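Number of protein chains: 2
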Amino acid sequence: MATLKDVSKASGFSVTTVSRALNGYDDVNKETRDKIMNVAKELGYSPNILARSLVKKQSKTIGFLVTDLKRESVKDNFLFETLCGVSDELSTLDYEFVLLSTTTSKQKNKTYGQMCAERQLDGVVIQGLKRDDPYLLEAIESTVPCVLVDIPVEGVNTGYVTSNQLESAKQAVRYLIRLGHRHIAFMNGAAHAYVSTVRYDAYRQVLQENGIEFRDDYVLNGDFEELASKSAALPFLLNHPEVTAFFCASDVMALGVLQATRELGLNVPEDLSIIGFDNILLSQYVSPPLTTVGQQPYEMGRKAASMVVHIVEGQDVPHEAFVNNELILRESVAKNRR
Amino acid sequence: MATLKDVSKASGFSVTTVSRALNGYDDVNKETRDKIMNVAKELGYSPNILARSLVKKQSKTIGFLVTDLKRESVKDNFLFETLCGVSDELSTLDYEFVLLSTTTSKQKNKTYGQMCAERQLDGVVIQGLKRDDPYLLEAIESTVPCVLVDIPVEGVNTGYVTSNQLESAKQAVRYLIRLGHRHIAFMNGAAHAYVSTVRYDAYRQVLQENGIEFRDDYVLNGDFEELASKSAALPFLLNHPEVTAFFCASDVMALGVLQATRELGLNVPEDLSIIGFDNILLSQYVSPPLTTVGQQPYEMGRKAASMVVHIVEGQDVPHEAFVNNELILRESVAKNRR
DNA sequence: CTTGATTTCCGAAACGTTTCGGGTATAAAA
DNA sequence: TTTTATACCCGAAACGTTTCGGAAATCAAG
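Protein chains in written order, with my numbering: chain A, 1 to 338; chain B, 1 to 338.
Just to be clear, a hint being listed does not mean it is correct.
What the hints assert, rightly or not - Okay, derived cross-link-like pairs now, DSS-like style, lysine-lysine, Cα gap no bigger than 25 Å in a straight line:
1. K110/B - K9/A
2. K41/B - K5/B
3. K41/B - K110/A
4. K9/A - K56/B
5. K41/A - K57/B
6. K30/A - K110/B
7. K9/A - K60/A
8. K5/A - K57/B
9. K5/A - K57/A
10. K5/B - K110/A
11. K60/B - K57/A
12. K30/A - K41/A
13. K41/B - K60/B
14. K335/B - K230/B
15. K5/B - K60/B
16. K57/A - K41/B
17. K56/B - K5/A
18. K57/B - K56/A
19. K35/A - K110/B
20. K110/B - K130/B
21. K5/A - K41/A
22. K60/A - K5/A
23. K110/B - K41/A
24. K9/B - K60/A
25. K110/A - K60/B
26. K57/B - K60/A
27. K110/B - K5/A
28. K57/B - K5/B
29. K9/B - K56/A
30. K56/B - K110/A
Keep in mind that the hints were calculated from the coordinates and are not lab data.
These numbers were taken from a predicted model, which means no experiment stands behind them.
Make a model of the complete structure from these sequences and hints.
What follows is the structure, given as structure tokens:
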């Protein structure tokens, strides 16, 4: 591959001048610039990004950090969508994009700081770390800018993009109540996930504001998994024929509840209304199509990417961004007839 | 961040020795190696990959090249799954992974070769390029190793991984015939896609081997899109009440056909049997669940990644790999009752 | 005591850039 | 004419590694 030196020799100008010409500095004659440009094109020169990054001490690449990107992640189009958003935005901003997938075992070998330092990452966007993940703490302390999606922690070098989680969750529960449901169960996800706690809060608050007694035994744990959710819902539905609606902290868990109803011979939405969260691809194809509150991961990815490069480039931008969720009405919810 | 020089100063040994110690060369005393190791750990040293790559002229990173990774790709879990496979395998092989998403407009600015040279990519795995994509030709000519998924082109530096496309497609059509279907339509994808041509071939061959006349007007074009497929199927089904089965070159197109049947008030599989291709996530959740031939993109990704690093490292490995497709029987196909 | 081998270390060059601090003309101003 | 400004160019150092070639010290053998 042609290097600067090659272009220098072939054009008769010094390496310095060639570099400056190619980079658009204005202290080089129009004529010689053209000459150099031509030679460069002829030789098929393209700059070695590694060398450049080395001296400039910035790589123009952003890392996208996810945990446990493996076979199972495949169901998770949320992850994929934000990835697409990040990639898209970054490519328009002319930044590179490397995918960093960590596992707990890997974290022992390499700290977050090392990971960034090794590749000279300019910034990173982080998605799906647990709240107590050591990498998360490191990331927040670190001097390399990062923005978190769905984890609201702000700092000098840290921003986040999230959605109106609480409001949209409340909206969902209110919707159920407006349709006459009084006995509403809640399928919670992993307790240490941020989104879990706010959806839980939304559930409790709306119950309270409507004068409905909160019952501890109405909240189950589905661990964000279809199977776990189903297993939890099965005995619950048997023991609690009075509940007419289920608010689930994620669509996959809603799917689990749906399966449970099938096994019990219950009809959705006649016997049980179900609301999910996420608007995953499946939710509109399942039968009945799932009423759910939809996130916009692609948008979040884009905003996160955009924010992180703005921070990197020292621009004074807000370190938080929101994208709106919205309740998507489909067919898994009906009026309470009892 | 601590550099080699820092460790050198702190430990009292030369940069050379420190480098050799840390890299496990055997011409350094056990004692001094330990000392150096300790100092390095204390200082939190980690090597600058950029600098290393620069001098070693290899970056230990593999590119994953896809076209048009954007909002719409989101439905495409095939892409995502191979991505997961690639990422997974690469991380166990201790290689980096950068995502390269190209668009036709971008290709004008930068050739494939430049793209590789800039980042000093050691190799690339390519997915989803059209057969006539200029990048594809460049890639094959290029000296940087690449392996293609689902595009069988072999070369010195080029390998591919594909599945038993033809056989599995044939199997699907044979299955329909065995169930008594004689009027079988074929929903084709984009004509220039490799997979399209082989599925088309499979269709024709099996028809012939069973003495069924091939009819030109029985093959439609759905362009691998749900909507296009639906629009094509709608008038076709009206005009051809005699066809009892549809073989679709992809699941998304099968979904399109399915929608068309709904609109026409036809029942699947009683009035029309449908077979798809890909086993996308949706196919098992749709109603009725789709009979389809399943690919294993995750496996393909892994094998592709593995092959490319083997080629990069000069090992003498086969430049082709297969992963098996299999016909997945679900509920969108029934015996022909007419 | 010499010679030769072995062990352990290091200086310096190289990778391909960018950039700092000039330098040399030529033109404009005094 | 001399000074000052301007336009254009370049040498050399730096970024953080690896590696080539050799040097010094130690040890075994002759």
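Taking the hints in turn, this is what the structure says about them:
Restraint check for K110/B and K9/A: satisfied, since their Cα atoms lie roughly 24 Å apart, inside the 25 Å limit. Among the hinted pairs, K41/B with K5/B is consistent with the structure: their alpha-carbon atoms are about 14 Å apart, no more than 25 Å. The hinted pair formed by K41/B and K110/A meets the criterion: a straight-line CA distance of about 11 Å does not exceed 25 Å. For the given pair, K9/A sits about 24 Å from K56/B by alpha-carbon distance, which is consistent with the 25 Å threshold.
Among the hinted pairs, K41/A with K57/B is consistent with the structure: their alpha-carbon atoms are about 23 Å apart, no more than 25 Å. Only pairs whose Cα atoms come within 25 Å are accepted, and K30/A paired with K110/B is accepted, the gap being roughly 24 Å. With a C-alpha separation of about 29 Å, the suggested pair K9/A and K60/A falls outside the 25 Å cut-off, and the hint is violated. About 17 Å separates the Cα atoms of K5/A and K57/B, which keeps this hinted pair within 25 Å; it holds.
Between K5/A and K57/A, the direct Cα distance comes to roughly 21 Å. Compliance with the 25 Å bound is thereby established for this hinted pair. Between K5/B and K110/A the alpha-carbon distance is near 21 Å, which keeps this suggested pair within the 25 Å criterion. A hinted pair counts as satisfied when its Cα atoms are at most 25 Å apart, and K60/B with K57/A qualifies at roughly 20 Å. Of the pairs offered as hints, the one joining K30/A and K41/A holds, with about 16 Å between alpha carbons and a cut-off of 25 Å not exceeded.
Simply put, K41/B and K60/B have alpha-carbon atoms about 23 Å apart, close enough for the 25 Å limit, and the pair holds. Proximity of K335/B to K230/B is assessed by CA-CA distance (about 23 Å); at most 25 Å being required, the pair is judged to hold. With a CA separation close to 23 Å, the supplied pair K5/B and K60/B stays within the 25 Å bound. A distance of roughly 23 Å separates the Cα atoms of K57/A and K41/B; the hinted pair therefore holds under the 25 Å criterion.
About 19 Å separates the Cα atoms of K56/B and K5/A, which keeps this hinted pair within 25 Å; it holds. Of the supplied pair hints, the one linking K57/B and K56/A holds, its CA atoms being roughly 19 Å apart against a limit of 25 Å. Restraint check for K35/A and K110/B: satisfied, since their Cα atoms lie roughly 20 Å apart, inside the 25 Å limit. For the hint pairing K110/B with K130/B, the CA-to-CA distance comes to about 18 Å; that is within 25 Å, so the pair holds.
This hinted pair checks out: K5/A and K41/A have alpha carbons roughly 14 Å apart, not beyond 25 Å. In summary, the hint linking K60/A to K5/A is supported, as the alpha carbons are separated by about 23 Å, within the 25 Å threshold. Of the supplied pair hints, the one linking K110/B and K41/A holds, its CA atoms being roughly 11 Å apart against a limit of 25 Å. The suggested pairing of K9/B with K60/A is violated, with an alpha-carbon distance near 30 Å, which exceeds 25 Å.
Between K110/A and K60/B the CA atoms are separated by roughly 17 Å; this keeps the pair inside 25 Å, and the hint holds. Restraint check for K57/B and K60/A: the C-alpha separation of about 20 Å stays at or below 25 Å, so the hint holds. Restraint check for K110/B and K5/A: satisfied, since their Cα atoms lie roughly 21 Å apart, inside the 25 Å limit. With a C-alpha separation of about 21 Å, the suggested pairing of K57/B with K5/B holds against the 25 Å cut-off.
Distance hint between K9/B and K56/A is fulfilled; the C-alpha atoms sit about 24 Å from each other, no more than 25 Å. The hinted pair formed by K56/B and K110/A meets the criterion: a straight-line CA distance of about 23 Å does not exceed 25 Å.
Hints 7 and 24 from the earlier list are contradicted by this structure; the remaining hints agree with it.
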